[in-house]
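**Q** Put together the whole structure using the sequences plus the hints.
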Amino acid sequence: MIPRKRIRNIGISAHIDSGKTTLSERILFYTGRIHAIEEVRGGGKGATMDFMPEEKLHGITITSAATTCQWHDTQINLIDTPGHVDFTIEVERALRVLDGAVMVLCAVAGVQSQSITVDRQMKRYRVPRLAFINKMDRMGANPFRVVQAMRDRLQLNAVLLQYPIGSEDQFQGVIDLVEMNAHYFEGENGENVVKKPIPKAFEYEAQQARDKLLDTLSLFSEPMTEMLLEGEEIPSALIWQTIRQATLSLELTPVLLGSAFKNKGVQNLLDAIALYLPSPVDREVVKTAESVSLYPNPDNPLVALAFKLTVESFGQLTYTRIYSGTLKQGDTVYNSRTGQRVQIGRLVKMHANKREEVKVAVAGDIVALLGVDCASGDTFCSGEPLVSLEKMFVPEPVITLAITPKKQEDGDRLSKALHCFQREDPTFRVSIDPESGATLISGMGELHLEIYVERIQREYNAEVYVGTPAVAYRETIGQRATFDYRLKKQSGGPGQYAHVSGWIEPTDEPFVFENRVVGGAIPKEYIPACEKGFREALQSGVLEGYPVTGVKVVLEGGSYHPIDSSEMAFRSGSHQALEGAIAKAKPHILEPIMLVEVETPNEFMGRVQGDLSSRLGLLLGSETMQGYTVIRAEVPLVKMFGYSTDLRSLTSGMATFTMEFACYRQAMTVK
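Sequence positions in the sequence shown follow the working numbering and run 80 to 750.
Quick caveat, the hints were computed from the structure, so don't treat them as lab data.
Glycine included, C-beta positions come from ideal geometry on N, C-alpha and C.
Heads up, some of the hints might be wrong.
27 Å max Cα-Cα, derived DSSO-like pairs, lysine-lysine [unchecked claim]:
no.: 1; residue 1: Lys275; residue 2: Lys202
no.: 2; residue 1: Lys486; residue 2: Lys202
no.: 3; residue 1: Lys291; residue 2: Lys202
Quick list of the computed label-pair ranges, beta carbon to beta carbon [claimed, not checked]:
no.: 4; residue 1: Glu305; residue 2: Glu258; range: 17 to 25 Å
no.: 5; residue 1: Glu282; residue 2: Glu330; range: 43 to 51 Å
no.: 6; residue 1: Lys275; residue 2: Pro314; range: 18 to 26 Å
no.: 7; residue 1: Tyr283; residue 2: Val473; range: 28 to 36 Å
no.: 8; residue 1: Tyr283; residue 2: Gln745; range: 52 to 60 Å
no.: 9; residue 1: Asn681; residue 2: Val473; range: 38 to 46 Å
no.: 10; residue 1: Val509; residue 2: Asn268; range: 23 to 31 Å
no.: 11; residue 1: Glu604; residue 2: Lys438; range: 19 to 27 Å
no.: 12; residue 1: Glu265; residue 2: Lys438; range: 48 to 56 Å
**A** Right, here's the structure in full:
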């Protein structure tokens, strides 16, 4: 068994088209996991980690894929995540279980909208990261501008560990600022790393960059500060140690350079992963929902998290991170959510869509369980006490489609598909329109739902009609309002009695319930029924029937009847009380606002800005680079349908855009 200190559980995350999957392909090649390099859009078999037909068709990563490879004496468990914001849950749940990450940035575009989202996710789970500035061979590549953007826009203490030998079509290799030598990548696929003296033309710039690096690192190392003051040469081992310590404490983001497509710089990144990113034993101690501390010790009781599910023909495949203890084939464990015993059948390690059976998995491992019935986010334990790991953040869907089977026989297949997709993806929701009875699917964007419609047709052979997209509006309140509601029904036999009083007020949380009942005015056993009734009332607002969000309910008092009161009565009374209070609290409709980032040639900038303004967009600013401009704006989602076609027309097909959910705001586009 490999020592825990030699394991790296890492993810690769970035904005779409930054080269994540191309980088993953090179990592697999240089570590000997694959023996031929395939490209994302290069024909042939396609990239190893993009194995779904939809990924090959669209040329993007849709689902996170896991693999294991070996770099010298270090085992790297790697998850390649999507860059498109519609599939952000894949990044979210990967970062929830990983120890470290590589953030990939384009040397030309730098920090983009999804880079900001990925940074926020890494900070949410306190994941140490390296940055890899990719595409150094592209026209307009400027790593120094990218590092400054990381400092300004992401508030990261980013520091270059390398200096480029040329850029754009003259990019030849990198200078290692720790050991002060030049690295070139020779051979048909750049597999031979050749170290040479620094070219004379770059000696001065490299020395300046090294001095800047050491000056930054001296803030984290007293011995280094003393040696610098004494004018002594700093040993490489001390520099490596200092970088590692500052990276693990989230005080530093080391930055490396390269071009994955041109096979340059990837081996240096692998060295940095082994040197600077944490092993399972280096990470902060994991806390459970019960505030129990978990250490990655194979001899401790088992605690493992099911963080991703895929439903396949043979049954469910459950991706699981083991935080403590040991798991073997045939073991019986407990699901802490259900309290039920679970029999572990087969354990496998994943290599994209291929499986390698293993008999044992220990703390720090990421494996998949075959045939286990559970939900995403469930915790497995070996026995008492049952503990639960904290759940991951799941964003709310913002777009809805109506979907109808074309033939009667398609109905059962559609139902089965939707059931499976809901289990796999927490951001994919299914509901029934109460007026029309149509099946509604909701998700994170048009592409998100488009992919699921394609999967319904391909995987389940169900033909469907798809309605036009609809925005997922919400309702909320604008002021405080009180409620004092008495439910009293008597119609022969047992009656119904419930009396609740209190107030509601706006809050930043989706829903907050506070119980301030004292003196037994409402018996304790009825309080959960009151909360349930309040939650039910929020499912349909008083204006247009949209779900209600941003409401704090304070239950202050009430009364009960010793015979006629019941859980059902308090649940129904609370529901009606809250509906009445919402109607008095200045309710209004909220709409999803999207952060839109358009990259356009300079000559079309005015047209694009004018078009965004006509869509009720709020222009946030622009950044002009070599020959093109990046425009950022916040635009109501309802105004963005069909934007890709309109943008192509405006810019002769030369502009691109990305869009991600920003916030809910009072609606301007509906009454």
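**Q** Each hint needs a verdict: does it hold in this structure or not?
**A** Hint by hint, here is what the structure shows:
no., hint, verdict
1, Lys275 / Lys202, "violated, 38 Å"
2, Lys486 / Lys202, "violated, 48 Å"
3, Lys291 / Lys202, "holds, 26 Å"
4, Glu305 / Glu258: 17 to 25 Å, "holds, 22 Å"
5, Glu282 / Glu330: 43 to 51 Å, "violated, 30 Å"
6, Lys275 / Pro314: 18 to 26 Å, "holds, 22 Å"
7, Tyr283 / Val473: 28 to 36 Å, "violated, 51 Å"
8, Tyr283 / Gln745: 52 to 60 Å, "holds, 57 Å"
9, Asn681 / Val473: 38 to 46 Å, "holds, 40 Å"
10, Val509 / Asn268: 23 to 31 Å, "violated, 46 Å"
11, Glu604 / Lys438: 19 to 27 Å, "violated, 49 Å"
12, Glu265 / Lys438: 48 to 56 Å, "violated, 41 Å"
Consistency note: the structure conflicts with the earlier hints numbered 1, 2, 5, 7, 10, 11 and 12.
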